[in-house]
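Number of protein chains: 4
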Amino acid sequence: MFTIAKAKPERGIWASDQPTLSAPGRGMVMVDVIAAGICGTDYHIFAWDQWSAGRIKTPMTIGHEFVGRISAIGEDVTGFEVGERVSAECHIACGQCALCRTGNAHICEKTQIIGVDVPGAFAEQVLVPATNLWKVPDAIPNKHAAVFDPVGNAMHMVSIADVTSKDVLIVGGGPIGLFAAAIAKAHGARTVTLQEPNQSRGAIASSLGLDLVVNPRDPDCVSNILDVTGGRGPNVVLEVSGNGAALNAALDIAAPGSLVALLGIPGGPVSLDLGGKVVMKGISLVGVTGRRMFETWFQVEAFMLKNPDLIDKVVTHVLPAKEFDRGFQLMDDGACGKVVLDFQTSELREVV
Amino acid sequence: MFTIAKAKPERGIWASDQPTLSAPGRGMVMVDVIAAGICGTDYHIFAWDQWSAGRIKTPMTIGHEFVGRISAIGEDVTGFEVGERVSAECHIACGQCALCRTGNAHICEKTQIIGVDVPGAFAEQVLVPATNLWKVPDAIPNKHAAVFDPVGNAMHMVSIADVTSKDVLIVGGGPIGLFAAAIAKAHGARTVTLQEPNQSRGAIASSLGLDLVVNPRDPDCVSNILDVTGGRGPNVVLEVSGNGAALNAALDIAAPGSLVALLGIPGGPVSLDLGGKVVMKGISLVGVTGRRMFETWFQVEAFMLKNPDLIDKVVTHVLPAKEFDRGFQLMDDGACGKVVLDFQTSELREVV
Amino acid sequence: MFTIAKAKPERGIWASDQPTLSAPGRGMVMVDVIAAGICGTDYHIFAWDQWSAGRIKTPMTIGHEFVGRISAIGEDVTGFEVGERVSAECHIACGQCALCRTGNAHICEKTQIIGVDVPGAFAEQVLVPATNLWKVPDAIPNKHAAVFDPVGNAMHMVSIADVTSKDVLIVGGGPIGLFAAAIAKAHGARTVTLQEPNQSRGAIASSLGLDLVVNPRDPDCVSNILDVTGGRGPNVVLEVSGNGAALNAALDIAAPGSLVALLGIPGGPVSLDLGGKVVMKGISLVGVTGRRMFETWFQVEAFMLKNPDLIDKVVTHVLPAKEFDRGFQLMDDGACGKVVLDFQTSELREVV
Amino acid sequence: MFTIAKAKPERGIWASDQPTLSAPGRGMVMVDVIAAGICGTDYHIFAWDQWSAGRIKTPMTIGHEFVGRISAIGEDVTGFEVGERVSAECHIACGQCALCRTGNAHICEKTQIIGVDVPGAFAEQVLVPATNLWKVPDAIPNKHAAVFDPVGNAMHMVSIADVTSKDVLIVGGGPIGLFAAAIAKAHGARTVTLQEPNQSRGAIASSLGLDLVVNPRDPDCVSNILDVTGGRGPNVVLEVSGNGAALNAALDIAAPGSLVALLGIPGGPVSLDLGGKVVMKGISLVGVTGRRMFETWFQVEAFMLKNPDLIDKVVTHVLPAKEFDRGFQLMDDGACGKVVLDFQTSELREVV
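Chains as they are written, first to last, in the working numbering: chain B, 27 to 378; chain V, 27 to 378; chain Z, 27 to 378; chain E, 27 to 378.
So that you can see chain B by itself, here it is in the shape it has in the complex:
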């Protein structure tokens, strides 16, 4: 079958023809992939950064955000049928540690990730534990269902930040930032501002009907943010850029008592004026990773059912899977929102 894999330990990502998978074992389900999103993590693996070089054993089929149809079911799986359309949580938590046993499986230290530690969903077939599956309602199209996972990251962050009636500043306009902006708006934020230097992404943000889209390189950036927040500064900051300078700038204007959610991964240590900007302002910096299993999934489904128009604006590209190179290039250029690969196109069939 056609797969997209990290074939060797160097920059790049390659198509690979692999044997079809054997039948799912106990508790497992086989899913025929319909479509899959390209995640920032996939891009890190492509670029072979320090994190991915330290973790991935090549060759590895990548990809972990997807929708598909169940094609086979292992022993002891109940509640699912062949043919059902599903997405899946990509974190396979251990289920036995203190974190898993107290509702915090999303930060389990023994987690295996689909497409990172076990073969992924950039393939015609993928094997997933039944307990990780999420049934997709008919009303949600494949293009949206493929991105349950990253919308889940954004949802987890927005939910922690409790944005309703708040002035929200989103630092970074990649797919997670854009989804977060859409969710913050749908959850009744007082105002939503998105800050992003890339003009293509800024344009997508503008299409979402936010209160303000700012470019950090614009000299009026700060005064514009203060204006839209009634002079008080934002009281929720969602940091998805991983940029230390941007975080420091956001802490400068954040109102005392703000919640600052951190989801972006900086490339190295970040220097912070903890005394003046965090302690004395009573600010909280909250690290956010993954998605709550499965509270976040219920929240994402509710959001998707109500706001298909907003998701449509963030999923800017659906490409045939064989054109994955173009997808990674779009991400490299910042010339896209979320890119989804279609694994059911006839072109793909020909390739395979």
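Hints may be right or wrong, so weigh each one.
[Said to hold, decoys possible] Simulated restraints on C-beta separations: (1) B:Lys83 x E:Pro334: 46 to 54 angstroms; (2) Z:Gly235 x E:Thr104: 45 to 53 angstroms; (3) V:Leu331 x Z:Ala361: 53 to 61 angstroms.
[Unchecked claim] Derived DSSO-like pairs (lysine-lysine); straight-line CA-CA distance at most 30 angstroms: (4) Z:Lys339 x B:Lys332; (5) Z:Lys303 x E:Lys303; (6) B:Lys348 x B:Lys169; (7) Z:Lys332 x B:Lys339; (8) Z:Lys34 x E:Lys303; (9) B:Lys332 x B:Lys161; (10) E:Lys307 x Z:Lys307.
To be clear, the hints were calculated from the coordinates, so they are not data collected in a lab. Owing to the predicted nature of the structure, the values given are computational and were not obtained by experimental measurement. Glycine is no exception: its CB is placed at the ideal position from the N, C-alpha and C atoms.
Fit chains V, Z and E to the given chain B structure using the hints.
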């Protein structure tokens, strides 16, 4: 009257003979000081660090944590009588900003602080807005009532961290850290560990009956903390040292999902591995300052009524007010817990 | 001046010509009323039910939800100017009790209510403590600003219930229920269902674009609610009808773990199957009264700025103040949403 | 083997000689019971009340709170070894419903209960799903480990009520109420009052060192409760009696804003003045059932490790299992705290 003041803009603190205060204005109350604690802030003013040099207008009577008796009452004050024993919140918040109007007066940006911005309580008399007063129950002795304010800092931090049934690591064994350890124990923490390099302070911590007192210079420090927490690491960290290296070390061993309260003020920027230690571990860094008005005061009163033995162990010195130099020296040496100055000794009367 | 007052202790409400008010005292502000909403409480006073007969001292000018312009300012008031447009919190809390000192002034037991215990806003002028005022942004029209208070009741209830991503059932379609439905929708509820037997009110609810409007007399009522909630039943119930039978019916279909907010005041004791429907289902019944001072006001302002269309649909009538009889009749008939009285019409001037 | 069973559908409970169990199936574990507590639920089954008559299929071995040693392990169980000492959560939740998937398995509607729906622990052997097991630390004696489950009920209730620094009133002095009192004290309640008419139970409560133990039949009961709470009334009520009159009396004196946890199951509907005592006082009635899986278990373990003295006082009787009749009689008389049955006594061996 006898006062202790920052008389001139240089290192030091001096006794000063001042005229007695005029009658309290509208909404104000005059309090004859019985006893007052020396705060770390007073020590910063003594040392004339960057913060105090930028904020204090000399001459200024310092001191803000105290107990006394009401000696005069201004117009429009209701609910208080001359002779009542009171302590007081030292933050005089503006009352009109968005933070004050939503229960967050402790982080009001227009706050004036007694003993910093207006004349303080290291004096025989001090003027305080009636709305800042706290009536002291008879069962609480002066030695304890004088430190409502710093116990309040510790209580605010411990309350935010929600320590019950948790493994708590306190980084720093000054008075706030010691009070926090006592409160964490009284609030049903699973284990309480205090980390402190100074042996005098470590000895005070040991007297509180904690689960573990560790010296960060001890090579077994980390393994001892892991042992006491069942190998999981602490899931609450209370950082009161202001030491960046200690914070980084604590983040290394903190369990995923931990709450890390930051109360200590570092001397400068702190470099943090936000990606690996905060984002990917789902950790929260929560800045804590001041005390909630007046929820924290109710909590402190409840704690003081139940745990006089613990407070006694942390308030290691009660000195005649005229011996304030010795008090500051004890703090300089780390040879004390909390130091309280007694403004009612006959020696003081003689001096004045 | 023209006022609407409870002139005598019997059913009814009457116009009354009163002397203009004397200048505001210390801390007080005089407001020239522009418009005022008729509250359910006003209707109870009109009907002279047990509660109002036990509390109101006649004669009493009633009315407490309003917008106006400041016409005079007493001593020691800062931050306000003559001519500013304001609404006001109608609860004058004591400010000194444990509840007031811990951010719970809305349930202070010594509260005095404008238009109940002190002269109200169904008048050309009303006196209000400055600390109760709320400045109205220019973008909010008088018709909306007049109902800050009841939108605040609804907002307080919806905020406590944390409706985002939840299936919300609102029991009762009077003004508070309708406002609550609008807010729940704006805050990202998964679905919003409103249950109301009165067809006029049901029609208003339908105009809000809710997921479902049901009549409890319809035999399909329960099955329709279950359908819209995916078979699980609502997990948030907002009870504003005060009808015990409706509450019991809602508890039957509420999902385990639901939050049931109670705002409606039943006419007498209500019999509940606490064991089967509350304890064993892990359900919470949360009494809601008033509005948080002033967190709720910030939330209402944010909602009003974003959703003028929804408020317009609930405020169905603006009548000249002299036609107050017609307003009370509309409420008696359930033939309205919120009714607002206009105190600035030329007709009113003629009357006076 | 020796078991205690509901042999026939009528009042009573009987010893029964049963074949030893066959080997545990996939995911299951066999536990040799060391000791088991008699729960109020066991007493209801003994008395054959409406609930038990509607649910239990006779014959059924009862008992669900226990400690034992693993004697056999089924396929696909990891993390456990023969010989380990364990207790177990008695609720076998479905794992697939929305509640189970969002951390609320304790209110799963498809739960099966050990000793109610499947054979229980009043037996020499019991079969339990591995996912329900809890490893018991060596420092916790069998007498305590046998009651992890009911201490868990109490802990769940106390945790929801967030008792630290609060004035807590516990209505009912059965084992759950006594455990709750001990936990509230250990978690730093400002004051703990226990109300109980039975003098034996009152004496046990008194031994715990609470602030007040009151008899509701004492005419000074209310004034004593008000005195100990500084005149404000309790702001946390833990209702474990299931007595409607006692609940109404508690609502009368509870402070506005109180949290009232309901764990006791009334025998029928309860009439409540919701308007005056719940809505207008802003009080919350929170139904509590079961224990959170497994957050509550971590909390109970932490409590047990720190407070063995308090648990010793509540576990008043350890009887040989064959004397179960005496245990049920003690409960009938209210002449005990918690009664534990010892399944390892030589007498038991003889009987069998």
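ask   = What are the numbers of the hints the structure violates, in ascending order?
value = none
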